[in-house]
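Undergrad: Here are the chains, one letter per residue:
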Amino acid sequence: GNSVTQMEGPVTLSEEAFLTINCTYTATGYPSLFWYVQYPGEGLQLLLKATKADDKGSNKGFEATYRKETTSFHLEKGSVQVSDSAVYFCALRGTGSASKIIFGSGTRLSIRP
Amino acid sequence: GAGVSQSPRYKVAKRGQDVALRCDPISGHVSLFWYQQALGQGPEFLTYFQNEAQLDKSGLPSDRFFAERPEGSVSTLKIQRTQQEDSAVYLCASSSYGAGTGGNTIYFGEGSWLTVV
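Those protein sequences? They're chains A and B, same order as listed. Mapping the first sequence onto this note's numbering, position 36 (from 1) lands on 36, and the numbers just tick up by one. Mapping the second sequence onto this note's numbering, position 76 (from 1) lands on 76, and the numbers just tick up by one.
Same shape as in the complex, but just chain B (with noise of 0.2 Å):
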C-alpha cells in the first residue's frame, strides 16, 4: 500500500484479555519497528525486526509482550493477560534499509489505540 497501515484503530479490552495488533509496513520495508506512545509522551521502542528476523526486543516491558514477523512483511504485535498500565497507542513503522544506513527516512503508521478498562 501507499502507507504503513494498522490495524485495528482502536480496541478496548479488558483487563486479562489477550489483544494482537496488526502491522503491514509499505511494500518491500525491510526494517519494521514497533513503538508504544503513553498519553502526553513521546514514542518508546519496543521492538525492531530486519526482514523476518527480530533484531531488537530490548524495549518490550514484560514477557507478556510477543511481536513477530514469520514472513518477512506483515507483523503482529500481542499482549497476553492486559493491564491498565497497557493502556497507549501502538505505532509502528517501516523504513527501506536495514541497519547501519540511520539517515533513511522511517514511516508510521497512524497507531493502533489501546484502552484496558
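Pulled out of the complex, with its shape left as it was, chain A reads as follows (with noise of 0.2 Å):
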C-alpha cells in the first residue's frame, strides 16, 4: 500500500541556516504529495502541495519537487527564522477510492536564535 517515510527528528538548526528534511514515498499510480505543519498548540496547515511529477510547490519560503524517479518530495527553505520551528509531516494522497491522504511520523524543527 501507499506509505511515507520522512526524516527523523529532532532537528536544531541556527537562525539563517539552510534547512532540508527528506521525505520519500511509496505509492501505485500518481499520487498527490503535501507538507503540512503543525506550530505548537495549532492545528495542521498545508504549507504546500505538488499534483505532478516535476512539479514544484512553494510556500513562505519553503519549496518541495515532486521527483517521480527517486520518490521523493524533499523540503527546504535557503534561510530559517525562529518562527519557523515546528512539526512539519509529509504526506501523500492516492487517486480514484483511495482518497485519504497519508502522513510520514513527522519531524520536530527547532531554530536557535
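Hint data in this document are derived by calculation from the structure and do not stem from the laboratory. Hints are not guaranteed to be accurate.
As the list claims (entries may be wrong) - Sample of chain A residues at the chain B side, in silico, Cβ under 8 Å:
| no. | residue |
| --- | --- |
| 1 | M7 |
| 2 | E16 |
| 3 | R67 |
| 4 | S85 |
| 5 | A86 |
| 6 | F89 |
| 7 | S99 |
| 8 | I102 |
What the hints assert, rightly or not - Just the calculated beta-carbon pair ranges, DEER-fashion:
| no. | chain 1 | residue 1 | chain 2 | residue 2 | range |
| --- | --- | --- | --- | --- | --- |
| 9 | A | P10 | B | V117 | 42 to 52 Å |
| 10 | B | G16 | A | E16 | 47 to 57 Å |
| 11 | A | P10 | B | V74 | 31 to 41 Å |
| 12 | B | G3 | A | D54 | 47 to 57 Å |
| 13 | A | K52 | B | V117 | 28 to 38 Å |
| 14 | B | E52 | A | G78 | 41 to 51 Å |
| 15 | A | D55 | B | E44 | 40 to 50 Å |
| 16 | A | E15 | B | T105 | 24 to 34 Å |
| 17 | B | E71 | A | A53 | 34 to 44 Å |
| 18 | A | S3 | B | T105 | 17 to 27 Å |
| 19 | B | T105 | A | R112 | 26 to 36 Å |
To be verified - Residues on chain A that point at chain B, a partial pick, calculated with CB under 7 Å:
| no. | residue |
| --- | --- |
| 20 | A27 |
| 21 | P40 |
| 22 | L44 |
| 23 | L46 |
| 24 | K100 |
| 25 | I101 |
| 26 | F103 |
| 27 | S105 |
| 28 | G106 |
Beta carbons: idealized from backbone N, C-alpha and C, even for Gly.
The two chains are supplied separately, each in an independent frame; assemble them into the complex guided by the hints.
TA: Have a look at this one:
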C-alpha cells in the first residue's frame, strides 16, 4: 500500500541556516504530495503541495519538488527563522477511491536565535 | 464557518466512559475525514465520508469506534467504553471534492484532545 517515510527528528538549526527535511514515498499511480506544518498548540496547516511529477510547491520561503524518478519530495528553505520552529509532516494522497491522506511520522524542527 | 470546527477541544474521560466528538466541516465541503494522532506521531486515518455516505472505515481501530454524518454536514465520532490507549488528538478534516481528485486541499480542524484516565 501507499506509505511515506520522512527524516526523523528532532532537527535543531541556527537562525539563517539552510534546511532540508527528506521525504520519500511508496505509491501506485500518481499521487499528490503535500507538506503540512503544525505549530505549537495549533492544528495542521497545509504548507505546500505538488500534484504531478516535476511540479514545485512553494510557500513562505519553503520549496519541495515532486521527483517521480527518486520517489521523493524533500522540503527545503534557504534561511530559516525562529518562527519556523514546528513539526513538519510529509503526506500523500492517492487518486480514485484511495482519497485519504497518508502522513509520515513528522519531523520536529527547532531554530536557535 | 471559516474553517473546520471541532468540539470539545479538550476532554478528560474516565476509563469505560463513552465520548462523542463533534466536527463542523467547512460549509459545502463534500468530503470529511477523521484522523487519530497519538503523541509524537503522525495522524492516522480513521474514516472517510462523502456527503452522508461512509465510504471508508478501514482505519477504525475497533468496534468501539463509530462515526456518522447523517445529513452530510456535521459529523460525530463516538468512542464507547474508552480505554487508556484511546488517548490521542482526534482530527477532523474536510475538502471540497469527492474521491478521484487527489490534488485538492484538505483542511484540518484544531483537533479534540482526549485523555482517558
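Undergrad: If a hint holds in the structure, say so; if it doesn't, say that too.
TA: Right, here's what the structure says about each hint:
no. : hint                        : in the structure
1   : M7                          : violated (13 Å)
2   : E16                         : violated (28 Å)
3   : R67                         : violated (17 Å)
4   : S85                         : violated (16 Å)
5   : A86                         : violated (14 Å)
6   : F89                         : holds (6 Å)
7   : S99                         : holds (4 Å)
8   : I102                        : holds (7 Å)
9   : A:P10 / B:V117: 42 to 52 Å  : violated (28 Å)
10  : B:G16 / A:E16: 47 to 57 Å   : holds (52 Å)
11  : A:P10 / B:V74: 31 to 41 Å   : holds (37 Å)
12  : B:G3 / A:D54: 47 to 57 Å    : violated (32 Å)
13  : A:K52 / B:V117: 28 to 38 Å  : violated (47 Å)
14  : B:E52 / A:G78: 41 to 51 Å   : holds (46 Å)
15  : A:D55 / B:E44: 40 to 50 Å   : violated (27 Å)
16  : A:E15 / B:T105: 24 to 34 Å  : holds (30 Å)
17  : B:E71 / A:A53: 34 to 44 Å   : holds (40 Å)
18  : A:S3 / B:T105: 17 to 27 Å   : holds (21 Å)
19  : B:T105 / A:R112: 26 to 36 Å : holds (32 Å)
20  : A27                         : violated (10 Å)
21  : P40                         : violated (12 Å)
22  : L44                         : holds (4 Å)
23  : L46                         : holds (6 Å)
24  : K100                        : holds (5 Å)
25  : I101                        : holds (6 Å)
26  : F103                        : holds (4 Å)
27  : S105                        : holds (5 Å)
28  : G106                        : holds (5 Å)
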